[in-house]
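Chains as they are written, first to last, in this note's numbering: chain A, 230 to 556; chain B, 178 to 427.
There may be inaccurate statements among the hints.
[Claimed, not checked] Okay, the calculated beta carbon distance ranges per label pair:
| no. | chain 1 | residue 1 | chain 2 | residue 2 | range |
| --- | --- | --- | --- | --- | --- |
| 1 | A | L335 | B | T243 | 29 to 37 Å |
| 2 | B | P326 | A | R410 | 51 to 59 Å |
| 3 | A | G260 | B | P326 | 31 to 39 Å |
| 4 | B | V230 | A | A399 | 46 to 54 Å |
Just so you know, these hints were derived from the structure itself, not from any lab.
None of these values were measured; they are calculated from a predicted model.
For glycine and all other residues, C-beta sits at the position ideal for the given N, C-alpha and C.
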Amino acid sequence: MAADWVRRIAVNHREWVFWIVAIALPLLFPGKLLLINEIAILALFALSLDLLLGYAGIISLGHAAFFGVGAYAAGLLAKHGLAEPLVGLLLSAAAAAVLGFLTSFLVLRGSDLTRLMVTMGIGLMLLELANRFDTITGGADGLQGVVMAPLLGLFAFDLAGRTACAYSMAILLVLFLLARRLVRSPFGLSLRAVKANRLRAVSVGVPADTRLVTIYTIAAAYAGAAGALLAQTTQFVSLDVLDFHRSADVLLVLVLGGSGYLYGGLIGAAIFKVMQDWLAAQTPQYWQFWIGLLLVVIVLAGRERVAVAIRRRWTALTRRFAGEPTP
Amino acid sequence: MSLALETVALCKSFGALAATREVSLRVARGARHALIGPNGAGKTTLINLLTGVLRPDAGRVLLGGTDITELAPHTRARRGMTRTFQINQLFAGLTPLESVALAIFERHRFGRHWWRPLASHTAVMDEAAALLQRFGLANAAHTPVATLPYGRQRLLEIAVAIAGQPHVLLLDEPAAGVPEDERHEILSIVKGLPGDVAVLLIEHDMDLVFSFARRISVLVDGSLLVEGAPDEVAGDPRVRAAYLGEAPLG
């Protein structure tokens with residue numbers, strides 16, 4: 230039985246393939262480094278939401294609050310002299326974690342609808358605060374004058390996005406591996422138990438509230454790190470980091486990719502950004518129509534059925550090319 | 178007689194309905210104690226008061242002599258009182274092995290350990306596997322809980338409660354809804370529970386009650402009517418009166 234478990238948690242070959250492809254992407258598409266950077270940042274943001282939604286069952290429509298706080302913290306730190314990216318990233322994640330810890334107590338109880346409204350409300354409040362205190366944040370003009378020091382003192386942030394892309398992907402990989410450990414540990418098990426049946430989890434001794442506060446704080450730190458990466462790699466922060474659409478987008482990304490297995494946010498981010506990039510070139514004004522259509526199809530038909538249909542079509546297609554009769 | 182669980186004048190009302198009235202229940206260490214009563218007598222309310230799901234309006238709950246009236250449900254579980262539910266309360270996304278391991282992790286206070294994967298906690302996983310073996314669930318260890326047959330789910334319900342190694346175990350109608358030919362499994366599991374665990378059984382099935390309990394309390398309209406050895410209770414005219422119209426005792 231122990232051996233069976235070892236097999237279950239060991240890195241399987243699909244995961245290897247996933248990361249080899251991910252790391253190969255910047256080398257294969259050197260002209261798309263800025264896009265890949267954006268994908269990595271959105272993937273980290275969606276990973277953060279997956280920790281909440283996929284593992285603890287907490288739904289949020291205000292996750293941009295933590296993304297935004299991380300972004301502003303990183304931008305302000307750099308603007309006021311702390312230009313070292315890694316230290317800035319850590320401090321920004323910590324700032325988001327503090328906000329996460331403080332607001333976690335508001336989402337401990339209540340239905341999904343209450344949580345949606347409470348998290349959305351917090352998001353809206355932060356957006357207005359950033360707007361109001363424009364002497365600090367730059368308000369609608371955005372935070373100007375963010376200049377980052379070279380990464381590790383060696384790699385300057387270049388216009389092509391080489392450093393940015395490598396930096397974001399490295400942070401994504403490290404934080405992904407941490408999250409992977411976390412969800413496969415006894416702690417992760419207790420989160421899944423609270424998600425599945427809080428009443429029963431409590432009656433076997435799981436302190437549900439403490440666990441939820443912990444994961445909410447961790448998820449906030451992850452979102453803050455994603456925001457910080459955006460601020461540092463684009464060297465600019467605007468009110469857009471706190472906007473409601475960002476919270477909605479990340480939920481959409483997670484639904485596209487699927488929650489509760491960690492890779493969903495990463496895959497969803499890639500689909501979302503690539504579609505955005507490609508469709509925006511075709512129909513600059515209406516690209517969200519196609520994202521919307523895809524979302525409706527995936528939610529109504531179910532991800533598995535879509536995947537199965539694509540696989541069946543693919544097999545039929547390859548059979549035809551191989552000259553075999555279709556069944 | 179040293180007591181595992183005691184309530185002192187426990188009261189709970191829902192609006193005008195007094196669901197629990199001045200209930201003083203004493204469960205000895207290692208007891209095989211049954212709580213019976215007609216439908217609506219307040220048995221489930223009493224369990225919810227004991228486990229902390231509900232707060233009493235008055236009275237106290239003592240676990241091993243310590244007042245636990247104010248403690249949260251999860252703290253009571255950690256102090257050694259676990260329960261099963263009349264309607265299965267299992268973890269839909271977990272396997273039986275994970276469900277049982279969860280309870281063992283919490284017993285060891287490992288629940289917040291986040292670095293080592295489940296599998297590397299070999300002592301816990303082996304204990305979980307051994308427990309499933311004892312409950313005849315070994316070959317379903319990795320089957321998603323939701324797809325288990327009802328009788329197996331009923332067994333898992335008890336296994337999860339036992340995994341916490343409680344001093345006091347509350348069984349809320351463990352045989353409810355289990356088909357006749359699978360009942361003996363539940364019965365033998367309940368009978369085979371460790372002797373040092375005080376078991377409080379809430380049950381409608383009188384065969385199960387009288388084959389298991391060495392002491393019976395009868396709850397009627399929220400208050401304790403009679404308490405005594407099975408033959409005393411069975412012969413008590415007040416109990417017969419309370420059950421009039423229901424299945425006869427014994």
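Check: Does the Cβ-Cβ separation between V230(B) and A399(A) fall within 46 to 54 Å?
Finding: Between V230(B) and A399(A), where Cβ atoms are some 47 Å apart, the hint holds.
Note to self: 29 to 37 Å was suggested as the range; check whether the CB atoms of L335(A) and T243(B) agree with it.
What the structure shows: The hinted range 29 to 37 Å holds for L335(A) and T243(B), with Cβ atoms some 33 Å apart.
Check: Do P326(B) and R410(A) keep their Cβ atoms within the hinted range of 51 to 59 Å?
Finding: 35 Å, violated
Notebook entry, point to check: Does the Cβ-Cβ separation between G260(A) and P326(B) fall within 31 to 39 Å?
Noted result: 57 Å, violated
The structure fails hints 2, 3 (numbered hints given earlier, in ascending order).
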